[in-house]
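One line per chain: the protein sequences are A and B, in this order. Counting with the working numbering, you get residues 1 to 252 for the letters of the first sequence. Counting with the working numbering, you get residues 253 to 565 for the letters of the second sequence.
It should be emphasised that the hints constitute simulated quantities derived from the structure, not laboratory data. Watch out, some of these pointers could steer you wrong.
Unchecked claim - Think about it this way: if two alpha-carbon atoms lie no more than 16 Å apart in a straight line, the pair counts; the simulated EDC-like pairs of lysine to aspartate or glutamate are:
| # | chain 1 | residue 1 | chain 2 | residue 2 |
| --- | --- | --- | --- | --- |
| 1 | A | K26 | A | D236 |
| 2 | B | K468 | A | D66 |
| 3 | A | K75 | B | D465 |
| 4 | A | K91 | A | D61 |
| 5 | A | K91 | A | D130 |
| 6 | A | K75 | A | D204 |
| 7 | B | K353 | B | D426 |
| 8 | A | K210 | A | D227 |
| 9 | A | K91 | B | D426 |
All figures in this text were calculated on a predicted structure; none of them were measured in a lab.
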Amino acid sequence: MIEINNVSLRLGGTQILEDVSLTMPKGGVTALVGPNGAGKSSLLSLIARLQPLQTGSISVDGLPVDTTPSRRLAKTLAILRQDPAVASRLKVRELVGFGRFPHQRGRIDANDLLLIEAALQQFGLMDLADRFLDNLSGGQRQRAMVAMAFCQGTDYMLLDEPLNNLDMLFARQLMRDLRAAADNDRRTVIVVLHDINHAAVYADRIVAMKSGRVVADGPPAEVLRPDVLAQVFGYDMDVIDVGGAPLVLHHR
Amino acid sequence: MPDKRLLILAVLAVVAAIAFMTVGLRGNIAFALELRAVRLVTLIQVGVAIAISTVVFQTVTANRVLTPQIMGLDALYLFGQMALVLTLGSVGYVALDPRLKFAGEAGLMMAMALVLFLPMLRRRFDVGLLLLTGVVLGVLFRSLAMLIARLIDPNEFAVVQGSSFADFNTVRPDLVVIGLVVTTVAAVIIWRLRHLLDIVALGADSATGLGVDWTKALAGLLLLVAALVAVSTALVGPVTFFGLLVVALAERIVDSRRHRLLLPAAMLTAVIVLLGGQMALQHLLDGAATLGVVIEFVGGLVFLAMLITTSKR
Chain A
1 MIEINNVSLR LGGTQILEDV SLTMPKGGVT ALVGPNGAGK SSLLSLIARL
51 QPLQTGSISV DGLPVDTTPS RRLAKTLAIL RQDPAVASRL KVRELVGFGR
101 FPHQRGRIDA NDLLLIEAAL QQFGLMDLAD RFLDNLSGGQ RQRAMVAMAF
151 CQGTDYMLLD EPLNNLDMLF ARQLMRDLRA AADNDRRTVI VVLHDINHAA
201 VYADRIVAMK SGRVVADGPP AEVLRPDVLA QVFGYDMDVI DVGGAPLVLH
251 HR
Chain B
253 MPDKRLLILA VLAVVAAIAF MTVGLRGNIA FALELRAVRL VTLIQVGVAI
303 AISTVVFQTV TANRVLTPQI MGLDALYLFG QMALVLTLGS VGYVALDPRL
353 KFAGEAGLMM AMALVLFLPM LRRRFDVGLL LLTGVVLGVL FRSLAMLIAR
403 LIDPNEFAVV QGSSFADFNT VRPDLVVIGL VVTTVAAVII WRLRHLLDIV
453 ALGADSATGL GVDWTKALAG LLLLVAALVA VSTALVGPVT FFGLLVVALA
503 ERIVDSRRHR LLLPAAMLTA VIVLLGGQMA LQHLLDGAAT LGVVIEFVGG
553 LVFLAMLITT SKR
C-alpha cells in the first residue's frame, strides 16, 4: 500500500503540489491524469524518492521513502521517468540487465539471465537485444527502459508517461502488459497517462489532478464524466459508451 | 572471461614496458636499470591515475569530452601548492617532508573539489554550462596561483615553478612510493565499483531508482578522482587532454562504456601511449620534442574533433 499524507511541494517559488493525501492499495492499475503542470510527475518523483520530501509523509508498504535506504526501496519500487537520459554505447540487453542491480549488485546469475530474456521477449526486443541504444528510435528506447523497470521485479511500478514515443501498436501492447503484470503477477502499477482513453480501458482507478491538487478519484466510469473532465481539463468534451467502457471524444 | 582485445592491449603494454627497460641500454647497466625502473613505475602509475580518473569523471558528469583537468582540478592542486608556499615560506616548504606535503596538498584539493563540484553535480548541468564552469574555475585558480607567485619572493617562486608544467622526464623518487600507494588503493576501489559505475552512468534518476544513494556515490567518486589527479599532477604536472585521448581510444578499441571493459582498456592504453611515446621521442627523435607537448597537441585535436562531432548530433 502506498500512503501519501499531506504532501506539499514548492519549487522556485511555485506551488507544485498542495496538501495531497492519497492511499493506493496494493494491486491493480492506477492512472494519474491531468493537464500539463498538474503535478503528476512531481508526485511520482516524490513517491520514488527522486526528489526530497518537503512536507508531509509518503510510505510504500510501510517503508517511509525519505528515511529507508535507497537500495531497500529499489527492491520494492521501480520508477520509469519521462525521457530518461541514456548512456551511450550500451546494448539493449545490458540496459535491461541493469534492472537486476538492486538484487545482485552487478553479479548476474542464471536466474537473472532468464528474467532478462523474459523481459526482452515480452517487450518485443529480441531482435534489438544486441543493438546499441544510441542507434535506436525514441520508441524502441522507451520500450527498453520499460523492460528494465519490469526486470527490476518490484511489487510497485511507477511509470511517467510510458506511452511517449510509442506507436499505436506498442502503446496498446504496453498497456496490456501493465494490465497483465497487475492481474497475473499481483504487481501494483501507477502510471501517468495523457491518453485518457487508455486509462479508461486499462486502469482500475483514475486519479485526476489539477494545479497540484487531487480533484477526482475513482473508477473510470466515475471520473470520466463530462462535468469532471471539464473541471480538470478546462473544456467541454463528449463521453460515449463503447462496450461498457467510457470513450472520451477529447479531440473534437 | 578476459576479453580478447584486453589481452592484446595487455601484451602490448608488457612489450612496451620491457622495451622501455632494455632498448639502448649502455654504460653502467645497474645504474641505468634502476633509473629506468623508477621512471617506468612513475609513467605507469601516472598513466593509470589519469586514465581511471578520466573514466570515472566522465561517468559522473555524463560527458565524454571532459577530463578532471579541463574542469580545473589540477589548477586547484597547483593553487593549493602555491598557497602552502605562501604560508610556510620557501624554507619551511622545502624543509617539509615531500610525502607530508603531498598528503597536505592532496587533502586540501580533495576537500575543495568536494565543496566546489558536489553541489554542481547533484543536479546535472548540460555540457556547455559544465565546460564553461570548468574553464572559469581553471582560470580562476591558475590566476590565483599566479597572484601568489607575484607576492612571494623569486626564490620561493623557483621552488614551485618546476611543478607548474607538464614534464614526463623529471622523476620524483620521493613521491613515487606514496603515489603508488594512492593509485593502487584508488584503482582497486574503483575496480570493485565497476558495476555501480555502470549504473551511475544512467543518470541521477535512473540510478536512484535502482537503489543508488546518488549524493553519497557522487561524493565518494569525486574524492577518488581528486586523489588520482593529485597523484598525476604531483608527479608530472598538469596534463589536460591526455586522459581524453586515451579514454576515447580505449572506447573505440573495446567499443563499450561498460566499466569492466573500459577501465582496464583505458589503463592499458594510457601505459602503452606513455611508454611508447616516451621511447619514440627519446630514441627516434633524439629528444627533439617533449612528450608532454606532443600528447597535449594530439589530445587537444581529439578534444576539438569530439566537440565538433558531438555538437553535430
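Structure-based check of each hint:
For a cut-off of 16 Å, the pair hint linking A:K26 to A:D236 is broken: about 34 Å separates their Cα positions. Distance check on the hinted pair: B:K468 and A:D66 sit about 15 Å apart at the alpha-carbon level, within 16 Å; holds. For a cut-off of 16 Å, the pair hint linking A:K75 to B:D465 stands: about 14 Å separates their Cα positions. For a cut-off of 16 Å, the pair hint linking A:K91 to A:D61 is broken: about 34 Å separates their Cα positions.
Taking the CA atoms of A:K91 and A:D130, the gap is about 6 Å. The hint holds against a cut of 16 Å. Between the alpha carbons of A:K75 and A:D204 the distance comes to roughly 24 Å, so the proposed pair goes past 16 Å and is violated. Restraint check: the Cα-Cα separation between B:K353 and B:D426 comes to about 11 Å, which is no more than 16 Å; the hinted pair holds. As the CA atoms of A:K210 and A:D227 are separated by approximately 14 Å, the hinted pair is consistent with the 16 Å bound.
Note on A:K91 and B:D426: the hinted pairing is violated, with a Cα-Cα distance of about 45 Å set against a maximum of 16 Å.
Hint check: violations occur at hints 1, 4, 6, 9; the rest are consistent with the structure.
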